[in-house]
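Colleague: Assemble the whole structure, with the sequences as input and the hints as a guide.
Chain by chain, the residues:
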Amino acid sequence: MAADPRDEFEATLDRTAEGREREAGAALQRASLRRDAFYRFIKNRGAVFAAVAFVVLLGYVIVAPWVSPADPYAIDFSKAYLSPSWDHPFGTDEFGRDLFVRTALGGRLSIAIGFAGTIAIMIIGILYGAIAGFAGGWIDNGSMRFLDALYGLPYLPFAIIVLAIFGTVSFWAMVVALTVASWFTTARVMRGQIISLKENDYVRAARALGARWHRILFRHLLPNTLGVIIIFVFLELPGVVLGEAFLSFIGLGVNPPKASWGTLAQDGYTSYQAHPYIIIIPSLAIAWLILSAFFVADGLRDALDPRTKET
Amino acid sequence: MRTLEVNDLRTYFKTREGEVRAVDGVSFALDEGKTLGIVGESGCGKSVTVLSIMGLVLPPGRVVSGSAHFQGRDLLTLKGRQLEDVRGRDIGMIFQDPMTSLNPTLTIGTQITEALRRHLGMTREQARKRAIELLQEARIPNAAKRLDDYPHRYSGGMRQRVMIAIAISCNPKLLIADEPTTALDVTVQAGVLDLLHELRDLHGMSMIIITHDMGVVAETADDIVVMYAGQIVEQATAYDLFDRPEHPYTEALLAALPQIEGEGIRHGRLVSIPGRPPDLIAPPPACRFAPRCRYAGEDDCAVVPPQLREIRPGHWVRSAHPACERAAETVGAR
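The listed protein sequences derive, respectively, from chains D and F.
Take the first sequence: its position 116, counting from 1, is numbered 116 in the numbering used here, and each next residue is one higher.
Take the second sequence: its position 27, counting from 1, is numbered 27 in the numbering used here, and each next residue is one higher.
Read the hints as simulated data drawn from the structure, not as lab findings.
Any given hint could be a false lead.
Covered stretches of chain F (in silico footprint by chain D; criterion: 3 or more residues with CB under 8 Å from a CB of chain D, positions within the stretch not fixed) [unchecked claim]:
(1) 53-60
(2) 111-119
Restraint-style ranges between C-beta atoms, simulated for each label pair [to be verified]:
(3) D:P276 <-> F:R153: 58 to 66 Å
(4) D:Y73 <-> F:D149: 28 to 36 Å
(5) D:N255 <-> F:D149: 48 to 56 Å
(6) F:M1 <-> D:E199: 35 to 43 Å
(7) F:A190 <-> D:G137: 50 to 58 Å
(8) D:A135 <-> F:K14: 14 to 22 Å
(9) F:A190 <-> D:L226: 14 to 22 Å
(10) F:M1 <-> D:N141: 25 to 33 Å
Please read all numbers here as calculations on a predicted model, not as lab measurements.
Glycine included, every Cβ here is placed at the ideal spot set by N, Cα and C.
Modeller: Shown next as structure tokens:
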């Protein structure tokens, strides 16, 4: 689903790694890269717009349940299937629950799962890839071939099997299910990054100081990959959110009365002809999140590549 | 007292084309408080020699044989952890390019205190205090303030001073400087060399200085080793080597120096050594300099490998025809 931008991203990384080797004395440039990157990002209107949209969505999800007087769990059949109005901006569902608040709550859950899953993917992927790349030799070879084997396994069946093993669909079951087969790309990219970084003179200098391998890896190398890690967070997040929505939609989501965007959309599916807004609103929310995150990632990628033309 | 004694060091690199004998039987000794200069052109194995001693040769490179005795221990047989304890504490090292030898994402302070905390077990506060002193010793102005700066706010010369401060932070017995001035402006070079000299005397360190700049060793070294194609070709005190070079290669190196004053002044083009350094996968069978040597062919030196021999006390040379033995026929040739 999110394969395209990631592949493209990997290609860009390869290009920058090459460029980095070519530019002798690039350390100076790289040091002030962060600030330059910030200005380049600010200049990219699409990315800034997406970032604002992302923050607005987060704001809605966080604030709406606090300020809205409606009770998201109160069942009142007299108010079932109300179309959007001032009292209920997003209308109500078949039990008369206010969808404005429920969508926000669903968003909280979806985004929380999204972030938890992304963080888990990052931690596993970064550790796996960084250690493989840093160790090199047969450790690197072995772990990468293992990864190749895992790559062949389809992602959704994997997630479904994990949920089946857990039995009940809890928050953490969902996170595990979405993480278990999604960290491969991150691991690969991290490996490549570490391999190109570990050739740096400062690594040899640190070795000459008697620094141990873990210090070199975690203190000297990983901070240099921060830019890549930030981009990857915004690339993985939509994938995890979409995966959660998909699993919820096919009936493997969190249990009612809790809701996520996926389960809300599934609720609306049964009555999409009579009351289309019930399915449209959570779907739009998902699309909003995914698009804004992708555009932010795109902007960050351009901003962090020093050879992009100033636009 | 000997600080370091290296014997028959051999470091080979496995490549697809064959084994590159980057260092092929190097031996030297360094006395306490002395400075040894290792000179030679690019690729002659001078850097690999010291990297081997430090245990910093990475695969496909491998130290094949030899020993390097330092403080009663053979560094080449030490296990990883023991060697890590020696590096940075007993032996400090300075690298060629100060622009890339500092990590751009860590502050100068973090990088200086790294060894202090690692080897001497200092607390953050103690290490910080010591780091300021070290920066002052390395003549970084406003040291206390500049401690929290990132490397990109330092100039090349200042960064090399920082590297020196880091290398001496644990009061090592031996300081290895691998082309410490090559990447610097000429105007900055002298300052860095002075600093190295001063700190060596102040802390009573021994020093190995690697360079391809004859001027640098002339100024700083007590003894000089000339390397060519992975081997030592000449070894003598600095004075003797410059005064009476014996090996044709050393002579050629010295002749290639531009001179701007004195009796040796020349006009016109700079002198160069014809030919290129040999391929170290299949080096010339006997004397490795023979293909480029103007005296080769006079005898069997291209067939019988010349040994390193002591031509007069303290002056060793690996050549079939050192200057003192051919004086008669070549007078007037140069």
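Colleague: Against this structure, judge whether each hint is valid.
Modeller: Against the structure, the hints:
1. 53-60: Per the Cβ count (3), the hint holds.
2. 111-119: holds (count 4)
3. D:P276 <-> F:R153: 58 to 66 Å: Cβ of P276 (chain D) to Cβ of R153 (chain F): about 59 Å, so the range 58 to 66 Å holds.
4. D:Y73 <-> F:D149: 28 to 36 Å: violated, 56 Å
5. D:N255 <-> F:D149: 48 to 56 Å: Roughly 55 Å apart at Cβ, these two residues keep to the hinted range, so it holds.
6. F:M1 <-> D:E199: 35 to 43 Å: At roughly 38 Å between Cβ atoms, E199 (chain D) and M1 (chain F) fall inside 35 to 43 Å, so the hint holds.
7. F:A190 <-> D:G137: 50 to 58 Å: violated, 44 Å
8. D:A135 <-> F:K14: 14 to 22 Å: Distance hint for A135 (chain D), K14 (chain F) holds at roughly 19 Å.
9. F:A190 <-> D:L226: 14 to 22 Å: At roughly 39 Å between Cβ atoms, L226 (chain D) and A190 (chain F) fall outside 14 to 22 Å, so the hint is violated.
10. F:M1 <-> D:N141: 25 to 33 Å: violated, 47 Å
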